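Asks: Start from chain S and add chain Z according to the hints.
There are 2 protein chains.
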Amino acid sequence: MLADQQILRIPGPTPIPPSVQRAMSQPMIGHRDEETSALLRVIGADLKSVFGTEQEVAIIAASGTAGLEAAIVNAVHPGEEVLVLVTGAFGQRFVKICEAYDIHVHVINYEWGKAIVPSEVQAYLQKNNAIKAVFSTFCETSTGILNPIKELSSAIAQVSEALVIVDGVSCVGGVETKMDEWGIDIIVTGSQKALMVPAGLALIATSKRAWKHIETNKRSRYYLDLTTYRDNLLKLTTPYTPAISLLYGLKQSLQLLKEEGLQQVYDRHDLLMRMTRAAIKALDIPLLTNDDYASPTITAIQPDDFDAVEFRKLLKNEFGLSVAGGQGHLSDKIFRIGHMGYCSPADVLQTIAVVELGLMKIGETIELGIGTAAAQRIYLSQGVR
Amino acid sequence: MLADQQILRIPGPTPIPPSVQRAMSQPMIGHRDEETSALLRVIGADLKSVFGTEQEVAIIAASGTAGLEAAIVNAVHPGEEVLVLVTGAFGQRFVKICEAYDIHVHVINYEWGKAIVPSEVQAYLQKNNAIKAVFSTFCETSTGILNPIKELSSAIAQVSEALVIVDGVSCVGGVETKMDEWGIDIIVTGSQKALMVPAGLALIATSKRAWKHIETNKRSRYYLDLTTYRDNLLKLTTPYTPAISLLYGLKQSLQLLKEEGLQQVYDRHDLLMRMTRAAIKALDIPLLTNDDYASPTITAIQPDDFDAVEFRKLLKNEFGLSVAGGQGHLSDKIFRIGHMGYCSPADVLQTIAVVELGLMKIGETIELGIGTAAAQRIYLSQGVR
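From first to last, the protein sequence lines are chains S and Z. When we follow the numbering used here, the leftmost residue of the first sequence carries the number 7, and every step to the right adds one. When we follow the numbering used here, the leftmost residue of the second sequence carries the number 7, and every step to the right adds one.
Hints were generated in silico from the structure; no laboratory data involved. A quick note: this is a predicted structure, and the numbers were derived from the prediction, not measured. Keep in mind that the hints are not guaranteed to be accurate.
Which copy? The list can't say, so a pair holds if one copy fits it or any two copies do.
To be verified - Straight line, CA to CA, 30 Å or less: simulated DSS-like cross-link-like pairs of lysine-lysine: (1) Lys319 - Lys264; (2) Lys367 - Lys287; (3) Lys214 - Lys102; (4) Lys339 - Lys287.
For reference, chain S alone in the conformation it holds in the complex (with noise of 0.2 Å):
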């Protein structure tokens, strides 16, 4: 194996521009310098346009797993019941969070590869008036499904005045996101997916409507608690020492999105999962879900005559390429490909090309080139550049 390659095909994180890792090895600024101050105008400015919202977005120097919790402690006051749509493990994540917090959770459980059902939501709801919010999962990593956000939210708001708070760490910035628009309360990322930077940041964008419900919050937090954050960025500083490489990174990841045009970056990730969609089903091997709520970022596949460990492992170990295995119960039975952030065309067909010979090494017998094929015949029908 040629030493030193890494194909870093996970669903984050995410493989790192070369621009972006330029913008990371800057020297040292000073936290409280204007230096960090023009840092966080910019970068708030580009946010904006990614969360499709007019608000300020938080910035938090931790994983994406704390602005989850960031979200739960600021919003979820002490007795309230909250509603948690669970479909897959980042779901579960949600749960497990209330749950620490004693918080009374109400949880759907959908099958894991399938996508929320706004309606059903809406009737629970309906029966269960004294839910002040309902958590839902955007991309949920675990399954390659990307729920119906959108329209969750408005069924939502006919019915009930819950906040709508949405973990949309494996997604944002790879799929259109319109939060204010489409009524989303609250709604968090992490650095490390298809925004290219190194995991360490959380970013938490919170409504009007939210903010309201979060200054009268009384549960204790301090690290978490948004409203510093927030009083913090509109005086474009930040309440704790701000993680700087990771900020240099961030603008410089954003300044690449905006370049390429937050459109066009949507449409690519959309035709990169039509490209590994259409390869893996050239290939006879079946997906875990369907393409109507199939995420743009990530694909997941369960093969059914092969041991997908093993196949993982090979990968790795002879050509360089990492996937993903599954979560939870589906740990060793499914494998993942990321294809957000810094991924091309020929990049996925890098991917399926190597899959192909993966396949052949592990023993099955699959036409060579198929699945490259009907990558190519995805791309090529609709001539996106």
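Replies: For chain Z alone, kept in the frame of chain S given last:
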């Protein structure tokens, strides 16, 4: 197109491995400090393996062409006759440098795309016994030929005392090079090809026999005087300020070659060549060279029914894939795929799959995936890891 993506498949400069990039980012050191001597010690030992020699390998802060010039101005005494074997643009460069120094130069020209025939050289030397040095090109980058240097050296030695001087720029480090065993007197390479370092270092190894000739050479030279490099190298230093960051990079790239194993590195290049050629043949596009003398580091392709210039432009603009054009009279007639240095089978598959898309985009009718499958079959047929 994905912003900030460059897929560099030209025959040098080649992509820089991440660990080499990191090595070059180390803080500057004093060029007369102990650290620089330590660098030169490690590099010196590793270069000897790559060149296949017991001799010191001089390192000049300069492009490869300066290395070719150094060979000429050091080895050719005023008034001596030399023979240059020209198989392409880099053979011609030897001629041009000789002409600049008013050296009496004999030339055997081969059709571009064809290799040197040692027996013809032997016959020429027998008829022209005043020739004191024979210049040849190991890999002729402009055509993708690997000349039979081992056979050439042996053929020359049978009939002449002439020095055997070889331009190894686009292959040393990627193909087996046995300077001492084959009887090469001077061999030159550059840092930016199979050695996976940015351009800026010319590397020159010289045989004992050649040193004798060089030491008595009265020709004017200063920066390129090889004896000063050798004498300083024996004291683990350099006559002039060395390119420290490139030395850091070279140390790490030589370490990578050692870790992979030199034979494995050569096998990999051979595999990449065979994958590339099989793919292009399957796509029914003429190769410039035949299999017998094809270079493991670069493949030249001469399309007969589409425009190579337009095709390259499309690959670059739509996919960020850089392949090279031709040189000299072939400049707009061929395109060349580099597969040397930091290049894996997965990288060749990516290149081929993108070439297939490019062919469709310029209106060629091909069976999608057919080139990819041909390359995959080569990979599978030999099981190299």
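Asks: Hints the structure violates: just list their numbers, smallest first.
Replies: Violated hints: none at all, because every hint is consistent with the structure.
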